[in-house]
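Enquirer: Sequence:
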Amino acid sequence: IRAFMAAAPFRGRVPVFAGDDVTDEDGFAMVNAMGGHSIRVGPQIGAGHGAPPASAARWTVPDAPGFRRWLAGLAVMDEPAGEGAGGPGT
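Residue numbers for the sequence shown follow the numbering used here, so the first one is 3 and each next one is one higher.
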């Protein structure tokens with residue numbers, strides 16, 4: 003992650019890291035330390051039997067389709083006015 007963020011076109015940008023597994027926890031921690039956004043994809047912590055342990059991720063989305071909807075919403079927000087600027091689903 004550090005190497006990516008030091009290289010163009012990522013230099014000077016805010017890192018975003020999403021993951022769905024305990025192996026992603028180091029990435030969440032690093033992105034948090036860099037002032038970025040960490041997103042856990044999957045059940046919220048303590049959601050019931052078999053729930054994942056505490057996560058370093060700052061945000062949680064319930065599943066992969068939810069994450070894709072979130073990304074689609076960001077893409078719509080980045081479009082010039084008049085091209086879906088009203089938000090997701092417009």
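Rather than coming from a laboratory, the hints here were simulated on the basis of the structure. Being a predicted model, the structure only gives us computed values, none of them experimental. Cβ atoms here follow ideal geometry from the backbone N, Cα and C, with glycine treated the same way. Mixed in with the good hints, there may be bad ones.
Here are the in silico distance ranges between beta carbons for each label pair [as the list claims (entries may be wrong)]:
| id | residue 1 | residue 2 | range |
| --- | --- | --- | --- |
| 1 | A31 | V78 | 14 to 22 Å |
| 2 | W61 | T25 | 17 to 25 Å |
| 3 | V18 | A56 | 19 to 27 Å |
| 4 | A56 | A10 | 18 to 26 Å |
| 5 | M7 | L76 | 29 to 37 Å |
| 6 | P11 | A56 | 29 to 37 Å |
Enquirer: The hint says 29 to 37 Å between P11 and A56; measuring C-beta to C-beta, is that right?
Expert: 33 Å, holds
Enquirer: Evaluate the given range 19 to 27 Å for the C-beta pair formed by V18 and A56.
Expert: At 21 Å between Cβs, range holds.
Enquirer: Lying within 29 to 37 Å: is that true of the beta-carbon distance M7 to L76?
Expert: With a Cβ separation near 19 Å, M7 and L76 fall outside 29 to 37 Å, so the hint is violated.
Enquirer: For the hint 17 to 25 Å, verify it against the beta carbon of W61 and that of T25.
Expert: For T25 against W61, whose Cβ atoms are near 18 Å apart, the range 17 to 25 Å holds.
Enquirer: Cβ-Cβ distance between A56 and A10: within 18 to 26 Å?
Expert: Violated - the Cβ-Cβ distance for A56 and A10, about 35 Å, lies outside 18 to 26 Å.
Enquirer: Indicate whether the distance between the beta carbons of A31 and V78 respects the range 14 to 22 Å.
Expert: 30 Å, violated
In terms of the numbered hints stated before, the structure departs from hints 1, 4, 5, listed from lowest to highest.
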